Amino acid sequence: MKLKQALLICILFVTTSLSAHDYFFAFAEMKYNEVSGRIEATITLTTHDYERSLRERGVLNQEISKLADDEEAYAIFQADLNKGFKLNVNGKEIHFNLEGIEVQLTGVTNFHLSAEVPSSITKLEMTFDLLMESFVEQQNKITFIYRNNKSSYEFLQNKITQEIILSNE
Amino acid sequence: MKKILFCSFVACLPSLLFAQSKFAQLDQELPTPNGYRTAGGAPGSDYYQQKADYKIAISIDDKTQVLSGEETITYTNNSPDKLEYLWLQLDQNIYSLDSDSKLIQVEKMEDFKSIGDVKKKLFHYDGGFKVESITTTSGQKMSYAINKTMMRINLDKALMPKGSISFKIKWWYNINDRMAVGGRSGYEYFEKDDNYLYTIAQFFPRMCVYNDVEGWQNKQFLGKGEFTLPFGDYEVSITVPSDHIIGATGVLQNPNNVLTAEQKKRFEQAKTADSPVMIVTQAEAEQKEKNKEKGTKTWTFKATNVRDFAFASSRKFIWDAMNVKVGANNVMAMSYYPKEGNPLWERYSTKLVAHTIKTYSKYTIDYTYPVAISVHSKWIGMEYPMICFNGGRPEEDGTYSEDTKYGMWGVIIHEVGHNFFPMIINSDERQWSWMDEGLNTFVQYLTEQEWERGYPSRRGPAHMIADYMRGDKKYISPIMTNSESIFQFGNNAYGKPATALNILRETIMGRELFDYAFKMYCERWKFKHPTPADFFRTMEDASAVDLDWFWRGWFYGSDNVDISMDNVKWFQMNTMNPEVEKAIKKEQYENRDKGISEIRDVDAIKQTVNEADPSIDDFYAKRDIFLVDALDKKEYEEFMNKLSPEDKKLLNSNKQFYELSFTNKGGLVMPLIIEVTFVDNTTQVFRIPAEIWRMYEEKVSKVLILDKEAKSFRLDPFLETADTDLNNNSWPANVEPTRYELFQQKKMNENPMQRQKRVEEIKN
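Top line first, the protein sequences correspond to chains G and R.
Sequential numbering from 18 applies to the first sequence in our numbering.
Sequential numbering from 1480 applies to the second sequence in our numbering.
Rather than coming from a laboratory, the hints here were simulated on the basis of the structure.
Any given hint could turn out to be false.
What the hints assert, rightly or not - Straight-line alpha carbon distances no greater than 30 Å define the calculated DSS-like cross-link-like pairs of lysine-lysine that follow:
#1 K83(G) with K1857(R)
#2 K83(G) with K1830(R)
#3 K176(G) with K1600(R)
#4 K2065(R) with K100(G)
#5 K1599(R) with K83(G)
#6 K167(G) with K2190(R)
#7 K1952(R) with K167(G)
#8 K1587(R) with K140(G)
#9 K103(G) with K1600(R)
#10 K2101(R) with K2065(R)
#11 K83(G) with K1884(R)
#12 K1599(R) with K176(G)
#13 K100(G) with K2178(R)
#14 K103(G) with K1830(R)
#15 K176(G) with K2178(R)
#16 K167(G) with K2144(R)
#17 K2226(R) with K167(G)
#18 K1592(R) with K83(G)
#19 K167(G) with K2178(R)
#20 K2225(R) with K176(G)
#21 K83(G) with K2225(R)
#22 K103(G) with K1884(R)
#23 K1587(R) with K100(G)
#24 K1592(R) with K109(G)
#25 K2226(R) with K176(G)
#26 K167(G) with K2048(R)
#27 K176(G) with K2144(R)
#28 K2101(R) with K100(G)
The structure presented is a predicted model; accordingly, all values stated were derived computationally and were not measured.
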């Protein structure tokens, strides 16, 4: 009976968004800086997607470009980004500091972040489900740069976490 | 021996087969040419298309937001086939309670985290078509069956070739609140002044396309793959509140009944104006918002040879218009917007419409419709023949950010551009989104660049697609994927094809060949139904450029471009002149690497035996191997006497030889564009066609013969191939900074406004 109820609720909960020209793609470029011992990352996402998501989730109801120098808004962005862009290094969750926001005229916004990490990274677990709760079409990607080598990882609704094992040889 | 040879052959076989794959012709992928569509990509002698003419009367109830209508469709069968039934599209059924589009969404429990999520998911409304009757023109009921978003009308007697049939449909539906439900059309409610703005489309049962490719294109509407529609003539009467202004596909037939004398006068002025004329001003619209008339008026529009009809209606509309001359045609560029769109809309919308029509006409075909309309509708961009609905709304205080301005410009150019793709060059959107979105985004890019130098276009330049193209190929769909099954719809259907066309134009074909072929495709298929093969074939047929490898890689594949420059070797030509060559050898000897013992022994050993005793050194020890002797000179003279003057010139030209090695890491073959920087800091660019990879798809080398010594080489210096890793593109190696590093480099300690304050302090 419980299962039946749960299934029924799932069907009723479904909704659909039919905006014609959506983007639904967030991209993160992430690098381990061995000199500073920090992970440096830039999350690039479609400005109007993120604004819409923030608005619909009741987080913020203003254009990002107006808030790029607002300390309070910075804290909100930082918390929100840390929810949708999580990094676990050697089994320990790390927290990103938001260091800058660049709203581009091409329609995307860059969020620049960094976080201190252990000096010897062996395992990275990345969860990147930013905007996925707002848009069923959302798909994300991380390009990780380690010792000048680039590797890319896809994040989908049914695959929000990826793992990298690093060799320190 | 035979065995060895056989083994070698077998070992080479996979690589030979592989080597052919990227440059293999597209014979198997493309449909066989026939009488309907030629091998050159043009409509064939047997090409046909159906015609669907509509006479529609609808009304909107502004109190209940219900649209009711009745239409007479006259369908003409130009095909050689007899049709036992007709298929129509009921697109509004995507809002039916049992709609498949809701059921097919993948979900998980995490989607229901907050009360807001639950509320959103629980929200449902019945917005499907309510078909009341389908009858013959004489009133006899016709049998029909509705299959979700499709409806089949069963014919008592098959519709024969060249025959036509007329029938009537009566229906109604609840217009969707676009701000709550979403959608391509619907209404926006303005709470402050209690008014509605309707942007209405897919509002009537529409004929499906029947053609030589699909038969009936009756694939269900699931939300992404848009519309596939036959051309026809429309006469549409729309009854709305009497103070509403309507903008619609086609030409207004009864201005005397619906416009005031003043509005008619301004409308006439606009027909010859080269800048926007206000037909309804903001003050007039604001007055109507308050007064709200009670009666109704009926606006009638006619449109010829269009594939669809849409309109917008509101008493809030401000309306301006101007004339655009395209070839021999006069086109009315018009905009309809509520005051909430100002100041952006009054300033830019109609001028953008005019610019788009002119620029697209230059690159494609002359725009032949009488009007082109941009309607302001929050958070959307959606296109229909002659009319489109566009977002880009300023703040309530009338200010707007720069990205809002560019967002509005971009969406207007894009949606007006859709008049060409797919409204006139009428591809099958249900099947191939890229054929309209991709081609349109490409011309949008060209149009944006002609609007403002350095316009920050989101899509078009090759390097902007690199993020999307790298990564796990499992999650990157080929462009040639059905609209409903595409990963990353925006990047796949808009960005990648637009980029591919830009690369064809700038890098593979060149502007002259590309522009001619692209225009030829548009001319051939205007007011017709092209397929991907027609496009691919025309581009080759009109340019004499074999592009099969390009279509295969960019449209049928999901590889990315990552070509690395692995190594550079340097050689100089031997002049054979002993004076020159022996001097070089001497210098090389003197500058050779020396071992540590040899260096230390210079000082540690004060004198060797042979230095102290001259009798030790014999002929070998005493001779100077770098000395040019008489024999050297004689041999050189004899050698020179054998050479022609041209050979002598070449010998003395001091040519420098550089062998560059490349690896194709990403899989997608592309030309090699190599910039050489010489020691004197001048540069030279070499462009090697992609066919260099035709036999060796993984590794190639190329020798560049230069007049001067080079100090560095860079691959893809103008970022024109969408290379996804620039770190392996240079020799000596050069690591590109990350976005984070670039940000840190330019980071200022003050924001632009703080800086401006300091500027003003200096002024004062």
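Right, here's what the structure says about each hint:
1. K83(G) with K1857(R): holds (19 Å)
2. K83(G) with K1830(R): Holds. K83(G) to K1830(R) sits at ~28 Å (cutoff 30 Å).
3. K176(G) with K1600(R): holds (22 Å)
4. K2065(R) with K100(G): violated (68 Å)
5. K1599(R) with K83(G): holds (28 Å)
6. K167(G) with K2190(R): holds (27 Å)
7. K1952(R) with K167(G): At roughly 15 Å apart (the allowed maximum being 30 Å), K167(G) and K1952(R) satisfy the hint.
8. K1587(R) with K140(G): holds (27 Å)
9. K103(G) with K1600(R): holds (26 Å)
10. K2101(R) with K2065(R): Satisfied, since the Cα-Cα distance of roughly 16 Å is no more than 30 Å.
11. K83(G) with K1884(R): It holds: about 14 Å lies between the C-alpha atoms, which stays within 30 Å.
12. K1599(R) with K176(G): holds (23 Å)
13. K100(G) with K2178(R): Judged against 30 Å, a Cα distance of about 44 Å means the pair is violated.
14. K103(G) with K1830(R): violated (46 Å)
15. K176(G) with K2178(R): It is violated: about 35 Å lies between the C-alpha atoms, which goes past 30 Å.
16. K167(G) with K2144(R): holds (12 Å)
17. K2226(R) with K167(G): holds (25 Å)
18. K1592(R) with K83(G): Given pair K1592(R), K83(G) holds - Cα atoms ~29 Å apart, limit 30 Å.
19. K167(G) with K2178(R): holds (20 Å)
20. K2225(R) with K176(G): Violated. K2225(R) to K176(G) sits at ~36 Å, over the 30 Å cutoff.
21. K83(G) with K2225(R): holds (20 Å)
22. K103(G) with K1884(R): The given pair, whose Cα atoms are some 33 Å apart, is violated under the 30 Å limit.
23. K1587(R) with K100(G): Roughly 18 Å separates the two Cα atoms, so the pair holds.
24. K1592(R) with K109(G): Judged against 30 Å, a Cα distance of about 25 Å means the pair holds.
25. K2226(R) with K176(G): Answer violated: K2226(R) to K176(G) is near 35 Å, above 30 Å.
26. K167(G) with K2048(R): holds (26 Å)
27. K176(G) with K2144(R): OK: K176(G) and K2144(R) at ~26 Å, within 30 Å.
28. K2101(R) with K100(G): violated (81 Å)
When each numbered hint is compared with the structure, violations occur for hints 4, 13, 14, 15, 20, 22, 25 and 28.
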